[in-house]
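Enquirer: Please work from the sequences and hints to get the whole structure.
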Amino acid sequence: MRQNIPCQTSALDYPFGNTTCTLTWTNEANSRDSQQMRWDNRALTKPFGENDIDEVGDLILLDVTLNHIELFRHNGVFDELTAVFTFRRGHYKILLLFFLPSTLFMFISVEHFKQLFLSWLSLFLGPMAITRSILIIGSLVLLLIHYSTNMAGLPETTGVTSIDLWKVFSILFVISILMELSEERIEFMTPGIAFLPKRLFQKVDVVLPSKKEKGNV
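Going by the numbering used here, the sequence shown runs without a break in its numbering and finishes at 248.
Honestly, the hints are just simulated from the structure, not real lab data.
Everything numeric in this text was worked out from a predicted model, so none of it was measured.
Just so you know, even glycine gets a beta-carbon here, dropped at the ideal spot from N, CA and C.
It is possible that part of the hints are untrue.
[As the list claims (entries may be wrong)] Per label pair, the in silico range of CB-to-CB distance: (1) PRO37 / ILE161: 50 to 60 Å; (2) GLY169 / ILE100: 56 to 66 Å; (3) VAL191 / SER65: 41 to 51 Å.
Expert: Structure (structure tokens):
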């Protein structure tokens with residue numbers, strides 16, 4: 032027997048949160064006086080019978096809860112049986128195929144991140160700006176390609192997930208480093224007074240010799 036079960040997952044916790052699936056049987060036709068529904072004792076101990084089901088796709092089964100509810104209506108009392116399945120998604124695949132490559136692509140541009148704290152090195156790394164910008168733009172392109180190719184393997188959600196937050200953070204991280212590099216390059220190309228020593232701007236009084244003094248010489 033194949034049964035489609037509605038499941039619920041917190042969008043913000045995806046893919047690290049739990050997924051809860053609920054299956055309900057309700058006796059709508061006959062009241063409790065003519066027909067009763069109860070969970071069998073074997074079902075309470077072995078919900079799947081002799082079949083050992085630990086995984087469903089990339090979902091790992093954590094717990095099975097069987098409940099019995101009495102529904103009181105105007106035409107009698109009815110029985111309702113619910114089976115609640117709690118799953119968690121396997122993390123190894125998504126960490127290996129999604130988060131690890133994107134982290135490596137970000138590390139391509141991290142070499143320039145050191146210059147954020149040592150800005151005076153931009154004076155010596157000016158000619159290398161083209162090479163560094165190629166690496167940073169390349170890492171940004173790799174991130175965009177990686178995210179676009181992995182969208183098909185991720186379920187569609189209406190809310191904001193942790194994967195969406197990671198995408199925004201990684202892209203903004205690389206773009207901020209590129210903007211910092213552009214700012215340093217502009218400062219290096221502009222003959223600003225900030226790079227000149229302060230002693231060049233000290234006031235110096237120059238006394239020119241008069242005509243008499245020139246003749247005496």
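Enquirer: Run every hint past the structure and note whether it holds.
Expert: Hint check:
no., hint, in the structure
1, PRO37 / ILE161: 50 to 60 Å, "55 Å, holds"
2, GLY169 / ILE100: 56 to 66 Å, "59 Å, holds"
3, VAL191 / SER65: 41 to 51 Å, "50 Å, holds"
Checked against the numbered hints given earlier, the structure satisfies every one of them.
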